[in-house]
Amino acid sequence: MNENKSSGFTLVEVLLYISIVAILFLAISNNLQKQKQLQEFAIQKRNISGFIRKIQQYAQYNKKIYTLDFKISEKTAYFLDNVKGKKEIIDKLKISDNLSYMTNNSNKNANFLRNTTNEGNFEKGFSIYLLDKKGEKIYYRISTNTINAAKYPIISIYRAKTPIKLNEDYLKASLWEEEI
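Take the sequence shown: its letter number 117 is residue 1154 in our numbering, and every next letter is one higher.
Hint data in this document are derived by calculation from the structure and do not stem from the laboratory.
Watch out, some of these pointers could steer you wrong.
[Claimed, not checked] List time: in silico BS3-like cross-link candidates among lysine-lysine, alpha-carbon distance up to 27 Å:
| no. | residue 1 | residue 2 |
| --- | --- | --- |
| 1 | K1174 | K1071 |
| 2 | K1082 | K1071 |
| 3 | K1198 | K1171 |
| 4 | K1171 | K1082 |
| 5 | K1170 | K1082 |
| 6 | K1209 | K1171 |
| 7 | K1071 | K1209 |
| 8 | K1112 | K1170 |
| 9 | K1101 | K1161 |
| 10 | K1112 | K1202 |
| 11 | K1108 | K1202 |
| 12 | K1174 | K1202 |
| 13 | K1121 | K1091 |
| 14 | K1170 | K1073 |
| 15 | K1161 | K1112 |
| 16 | K1171 | K1145 |
| 17 | K1145 | K1108 |
| 18 | K1198 | K1174 |
| 19 | K1112 | K1145 |
Kindly generate the complete structure, drawing on both the sequences and the hints.
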């Protein structure tokens, strides 16, 4: 009896192996993408809140009014001083292109200005929302609370309990938890 044994792989086996490798690649790639986004959120939360705190400390230390010019369209925040009627840039913060941002203003994507008081508080509070790159889901909120009794703003960072879609009422307090 003459048996013909083939030492190669059949087409079905090759397709099966390729499918398994593709599924593993997609799973690992998706996980790495999520990790990169979490890292980007952590960096931007630290940078934005630190920049706000820096402006507050300058105003408090120098007993002077400064301006925060948050340009969402440019993904840049400016720390400005009013010198002889002209705005001079003291510092600027370039915000990552890997995330999207919006504010609590009526036009969510509008640029905004906030002046400090000479004691270091802001004249009016604000919130900056950090969204995924596509701008579909909200993950974090950085808020300043400018209670009149406080001499400087209270900067709070909130994490969405689950990512919030833009069409949901993201102002509900029950959707957020404060980070420590």
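The hints, checked one at a time:
1. Straight-line distance between C-alpha atoms of K1174 and K1071 comes to about 13 Å, which keeps the hinted pair within the 27 Å bound.
2. Distance hint between K1082 and K1071 is fulfilled; the C-alpha atoms sit about 17 Å from each other, no more than 27 Å.
3. A threshold of 27 Å between alpha carbons decides the hint, and for K1198 with K1171 the separation of about 19 Å falls inside it, so the pair holds.
4. For the hint pairing K1171 with K1082, the CA-to-CA distance comes to about 18 Å; that is within 27 Å, so the pair holds.
5. With a C-alpha separation of about 15 Å, the suggested pair K1170 and K1082 falls inside the 27 Å cut-off, and the hint holds.
6. A threshold of 27 Å between alpha carbons decides the hint, and for K1209 with K1171 the separation of about 22 Å falls inside it, so the pair holds.
7. Among the hinted pairs, K1071 with K1209 is consistent with the structure: their alpha-carbon atoms are about 25 Å apart, no more than 27 Å.
8. Of the pairs offered as hints, the one joining K1112 and K1170 holds, with about 12 Å between alpha carbons and a cut-off of 27 Å not exceeded.
9. Our distance criterion of 27 Å between C-alpha atoms is met by K1101 and K1161, whose separation comes to about 16 Å.
10. Between the alpha carbons of K1112 and K1202 the distance comes to roughly 21 Å, so the proposed pair stays at or under 27 Å and holds.
11. Simply put, K1108 and K1202 have alpha-carbon atoms about 23 Å apart, close enough for the 27 Å limit, and the pair holds.
12. Restraint check for K1174 and K1202: the C-alpha separation of about 5 Å stays at or below 27 Å, so the hint holds.
13. With a C-alpha separation of about 22 Å, the suggested pairing of K1121 with K1091 holds against the 27 Å cut-off.
14. Proximity of K1170 to K1073 is assessed by CA-CA distance (about 12 Å); at most 27 Å being required, the pair is judged to hold.
15. For the proposed pair K1161 and K1112, the alpha carbon gap of about 21 Å is at most 27 Å, so the pair holds.
16. For the hint pairing K1171 with K1145, the CA-to-CA distance comes to about 15 Å; that is within 27 Å, so the pair holds.
17. Among the hinted pairs, K1145 with K1108 is consistent with the structure: their alpha-carbon atoms are about 12 Å apart, no more than 27 Å.
18. Proximity of K1198 to K1174 is assessed by CA-CA distance (about 12 Å); at most 27 Å being required, the pair is judged to hold.
19. Distance restraint check for K1112 and K1145: the Cα-Cα separation of roughly 14 Å lies within the 27 Å cut-off, and the hinted pair is therefore satisfied.
Of the numbered hints stated above, none is contradicted by the structure.
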